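Engineer: Chains as they are written, first to last, in the UniProt record's numbering: chain W, 1 to 342; chain C, 1 to 342; chain U, 1 to 342; chain L, 1 to 342.
These are computed hints drawn from the structure, not numbers from a lab. These numbers come from a predicted model, not from an experiment. Even glycine gets a Cβ: it sits at the ideal position worked out from N, Cα and C. Just so you know, not all the hints are guaranteed correct.
[Claimed, not checked] Computed Cβ-Cβ distance ranges for the label pairs, DEER-style:
| # | chain 1 | residue 1 | chain 2 | residue 2 | range |
| --- | --- | --- | --- | --- | --- |
| 1 | L | Glu266 | W | Gly165 | 44 to 52 Å |
| 2 | W | Met115 | C | Asn261 | 35 to 43 Å |
| 3 | W | Ala38 | U | Ala124 | 47 to 55 Å |
| 4 | W | Ala187 | L | Glu266 | 35 to 43 Å |
[Unchecked claim] Straight-line alpha carbon distances no greater than 20 Å define the calculated PhoX-like cross-link-like pairs of lysine-lysine that follow:
| # | chain 1 | residue 1 | chain 2 | residue 2 |
| --- | --- | --- | --- | --- |
| 5 | C | Lys186 | L | Lys56 |
| 6 | L | Lys85 | L | Lys62 |
| 7 | L | Lys56 | L | Lys67 |
| 8 | L | Lys62 | L | Lys26 |
| 9 | W | Lys186 | U | Lys28 |
| 10 | W | Lys104 | W | Lys137 |
The lines below spell out each chain.
There are 4 protein chains.
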Amino acid sequence: MINAGIVGGTGYTGVELLRILVQHPKVKLKVITSRQEAGTGVDELFSSLRGQIALKFSDPAKVDFSKCDVVFFATPNGIAMQQAKALLDSGIKVIDLAADFRIKDVAEWEKWYGMTHAAPELVAEAVYGLPEVNREKIRDARLIANPGCYPTAVQLGFIPLIEAGAVDADHLIADTKSGVSGAGRKAEIHTLYAEASDNFKSYAVPGHRHLPEIRQGLSERSNGPIGLTFVPHLTPMIRGIHATLYARLTRDVDLQTLYENRYANEPFVDVLPAGSHPETRSVRGSNFCRIAVHRPGNGDTAVILSVTDNLVKGAAGQAVQNMNIMYGLPETTGIRHVPLLP
Amino acid sequence: MINAGIVGGTGYTGVELLRILVQHPKVKLKVITSRQEAGTGVDELFSSLRGQIALKFSDPAKVDFSKCDVVFFATPNGIAMQQAKALLDSGIKVIDLAADFRIKDVAEWEKWYGMTHAAPELVAEAVYGLPEVNREKIRDARLIANPGCYPTAVQLGFIPLIEAGAVDADHLIADTKSGVSGAGRKAEIHTLYAEASDNFKSYAVPGHRHLPEIRQGLSERSNGPIGLTFVPHLTPMIRGIHATLYARLTRDVDLQTLYENRYANEPFVDVLPAGSHPETRSVRGSNFCRIAVHRPGNGDTAVILSVTDNLVKGAAGQAVQNMNIMYGLPETTGIRHVPLLP
Amino acid sequence: MINAGIVGGTGYTGVELLRILVQHPKVKLKVITSRQEAGTGVDELFSSLRGQIALKFSDPAKVDFSKCDVVFFATPNGIAMQQAKALLDSGIKVIDLAADFRIKDVAEWEKWYGMTHAAPELVAEAVYGLPEVNREKIRDARLIANPGCYPTAVQLGFIPLIEAGAVDADHLIADTKSGVSGAGRKAEIHTLYAEASDNFKSYAVPGHRHLPEIRQGLSERSNGPIGLTFVPHLTPMIRGIHATLYARLTRDVDLQTLYENRYANEPFVDVLPAGSHPETRSVRGSNFCRIAVHRPGNGDTAVILSVTDNLVKGAAGQAVQNMNIMYGLPETTGIRHVPLLP
Amino acid sequence: MINAGIVGGTGYTGVELLRILVQHPKVKLKVITSRQEAGTGVDELFSSLRGQIALKFSDPAKVDFSKCDVVFFATPNGIAMQQAKALLDSGIKVIDLAADFRIKDVAEWEKWYGMTHAAPELVAEAVYGLPEVNREKIRDARLIANPGCYPTAVQLGFIPLIEAGAVDADHLIADTKSGVSGAGRKAEIHTLYAEASDNFKSYAVPGHRHLPEIRQGLSERSNGPIGLTFVPHLTPMIRGIHATLYARLTRDVDLQTLYENRYANEPFVDVLPAGSHPETRSVRGSNFCRIAVHRPGNGDTAVILSVTDNLVKGAAGQAVQNMNIMYGLPETTGIRHVPLLP
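Sequences and hints are given; from them, build the entire structure.
Structural biologist: Shown next, in the form of structure tokens:
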């Protein structure tokens, strides 16, 4: 059994991590912290977990992780970078679901995240936890930078084309749509029901923090520079990301075969039959990414459609997938949930 | 392993049954029928099931259930009553998720359902599959009448009060609210997104088919006559039933203790702490019924709040719970899904 | 032209008041205040008002209402009671959309609202602005207590039965459902999209502030005591209230005729044909209250269904209706908007 | 007064046309037809119109339009082309909200719409009713082809760039998102609440009927060929279109000034301040199109955001705007509704 701890379990990635871990056959959850909810039973805050968990939230100032093998950070950005070193020094592995270790260029990170990095020396060591790219490195990692929700859906969608060198990688377009849970469980006006329901809008068009993360990831798969226009939108649904990706083909390529081959052995990437239109609900509550590829009018523009559940493959599920790999478990252990439809 | 068949697997109770059974450790799904979709792969119709199931829908006219131990009917009303006898005669058990065998008074059934009953002789044999009431009978049953969605939530809410003889059972009120999936996967205008979204309405106030079913169930627990005003409403959500129940207390009673005691050993009925307000999402995708009890202003009106997922405890999950009991499996086998929140 | 001011125009009742007043042919909006948004253009905060209004929010500390004939308070509870006297003394009429002047019993008000009343002497003078009951008093009023959203829908539903003395008024039940805008434009977790969407729950079952308001209103129409069980629910829709009302009939009465007669001359109360089920969307964006009456199974329980738009007839529209009456305008002036459907 | 008739008033564009026309100060609605609902009161079908309209639906086989000045077709495609000639010959003007007269190339139309055109001789005469482009021609037209919902939002978004010759017009991308009302009031499974809610998907990526319409419209504004990748998506909201448009700039251009100048005199096109993100709800129920322009990272990709209400500026509102122009009324008469927010 893997003894696990969670720092900051009161947000949506936290409760999703709890949902997965309480059902995981090889994990024992030992401790979970929350400054605000210290002393509250986890199932008092989240009634969906009644009968599933007996833990109370611990005060982070007094918590003892010494019985943990691995600690997940489901915290806002800027927390894991302060605490990771001590844990790693104690032999505890760390999986950060926030952004602290995702960007290798620390100056770039500091620009986008607006703070000074507290552990730049760990950034180089951290492994970017996208198993479809970094499976071998993850196996031996102590510190995982779990990818962002948009970056997971967008990278999995673009990677086969980029690796094949078949597109103008300097003019990629990612038009992405996210459910509102992606904004987190924070009291804010713009994500109120009466604001976000029956409404659709873009946001952060001039620049979004996931842009440098995607650019970095795609650059590593490419021979040339990556140029990306990234436009996120808020959609009135709870979970789900739909990425609609556009790229100019530089040579003739059989998209369907390219994608099927690339992901043939991936347990969580599902390339749909030719002509398909993936729906976000087809992955709701599951760790799958489903992808369809199109070439409208047989022209030179490839259209790639990629859907994930932002809280699972885009956060907690992928974190557990990384944990499984790190501990030599079958990769799908505990994350084989069938999507909830309707 | 239990070999199972499904008749009519293209509706919402059908796909939910599929979701549960493909993950059930003791069930092998052998056959599923659909007139309209015969020949289509199940995962072509429901992309959420890609990778989970290799079956195609079979033509009901040509289907062979001889390798099945149990057959579920996830059909419209009026189908199971035509086919159950032949299956039972072959030694195959039948669980009907529709209404064909729920009402013991055949004339009453025919009045509410507008058709002649094709197998009145089986009605008496059929066991009403509400485990919290009929567990022992279910164990030995060949034919289960799986309760309706509203009747499950309403009966579980009223039963402790009725059994205790503590209310005026002749003037019960059940104000119920259902998600739209309760109307089924049928092409109809009134359940279109643009009709049902951002809207709330009652329906069938003069009389709903679930009224006689609830009345029958409560009468069996009562010493006197049952009078019930039953008002269903359509709520803009996919899954979930919220029953708000009102009863006039005829004597002083500690509601909290009464309910906790009644359901102390029930794995799927969860009595919330005093003062609680259950949310439908706290049971989304799960077989739980969560109940809270109130007595506003310490007056003589009891207010009982009962929530279920209409497709799980209100349909497919309860059907599998019944199957587990019939086959001597631990009752929670394969239906321990943790609710999906958010 | 009536010169109008608004105190606190950044909430949902505020923006709805703006929508109505900018289209009102007899009103000139002179000033609107907001502490937080002072200096911001109204149409910067609410892009729906671009091109409709040139005002900026004024700092309430510096605002001058001397050019106003009437001032609307679209503020949280507890503001109008501090400022009304000075305005009235200057000859400016006041319409409070909050609760400060709704409850005649000041001690009762202080108990439910948790603060000391700042202007108890004005409470007696204030006219409760439900035109269907108080039209004549409203005509001459200086100070209007605009009714709450639930109280409007519930009272309009119960009044004909109460006035007719045809029910057991000591055991009324109001099972009410509100859209999320009723909770206001405040940053809170429980009304986030990811919390309130695809979910249904009750709240405040032990006691809600609108209970004493409804009780007071019904008592004034009744010969005997009023006993009310009031259970509000939160529904995943933006606007709309659906009140499902239950009362035990004490004598035989033709409900349909009773209601049609009572509201025959009311421009905003629409009694639907027998057998109807009103939908909240049928009043969306409009000042109508639509009511249907039922007597299931011809028994002794009356079921009254009453729907309103909580922001219009339940708040801003009714406030303008009151203003029209106060200034001798045709009562429907500027509030004849046809509901938006779908 | 303009005497108006409507053919086919039971769909969403029909009921929206009704909502607008019953409030229009210069229109008298004389007749409305529906095969299925002949004899039914309009306000029986649409309770939102109770008290607004006394008409019943007429049988189209028996209807007499001789008292009408103008007839709107709110029908499925293929109806107006059969009936327009007789009306025009009687001196009645025709505004077709369907697609029959939108595409000048009849063979192209027949390919996309899968039927033989019944009145090719009228296609040349018909004026494409996009006032921002064809105002002068509309003034004198007898027959208006009212633009599609996507084409309105997309063309208004691209036109300034195309007219300026500032982009690579052969590689335009329109990533569009529509509310579900765009699919019409038809009983179909894929637009059921339980299918379309909490879900997001693309559709018709290989080719959508609005593609040739947009291409034709943009070609007329361009010096060179138009190449367009058009990807529509279904969004869980009732009304609204959000078009996210991408174009490669071929020269440096001040987007903000370009758009503000182009639409300076347009009453219904609102160019938002630099840096804005338009929301669909900011135009809900109104005839506005709001546009924002971006150039992320100051690169060579222009991102244009354009929102409309698909039932108003995308259908019924634009039809009435065209009627106003045809009859010499102020263009905004009867369509100045302020958007409903929230």
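Engineer: Each hint: holds or not?
Structural biologist: Outcome of the hint check:
1. Here the CB-CB span from Glu266/L to Gly165/W is close to 45 Å, well matched to the stated 44 to 52 Å.
2. For the pair Met115/W and Asn261/C, the beta carbons lie near 54 Å from each other, so the given range of 35 to 43 Å is not met.
3. For the pair Ala38/W and Ala124/U, the supplied restraint of 47 to 55 Å holds, since their beta-carbon distance comes to about 49 Å.
4. Here the CB-CB span from Ala187/W to Glu266/L is close to 39 Å, well matched to the stated 35 to 43 Å.
5. In summary, the hint linking Lys186/C to Lys56/L is not supported, as the alpha carbons are separated by about 29 Å, beyond the 20 Å threshold.
6. At most 20 Å may separate the alpha-carbon atoms for a hinted pair to count; Lys85/L and Lys62/L meet this at roughly 17 Å.
7. Straight-line distance between C-alpha atoms of Lys56/L and Lys67/L comes to about 16 Å, which keeps the hinted pair within the 20 Å bound.
8. Under the criterion of a C-alpha separation no larger than 20 Å, the hint pairing Lys62/L with Lys26/L is inconsistent with the structure, at around 27 Å.
9. Between Lys186/W and Lys28/U the CA atoms are separated by roughly 39 Å; this puts the pair beyond 20 Å, and the hint is violated.
10. Only pairs whose Cα atoms come within 20 Å are accepted, and Lys104/W paired with Lys137/W is accepted, the gap being roughly 15 Å.
This entry does not satisfy hints 2, 5, 8, 9, going by the numbered hints stated previously.
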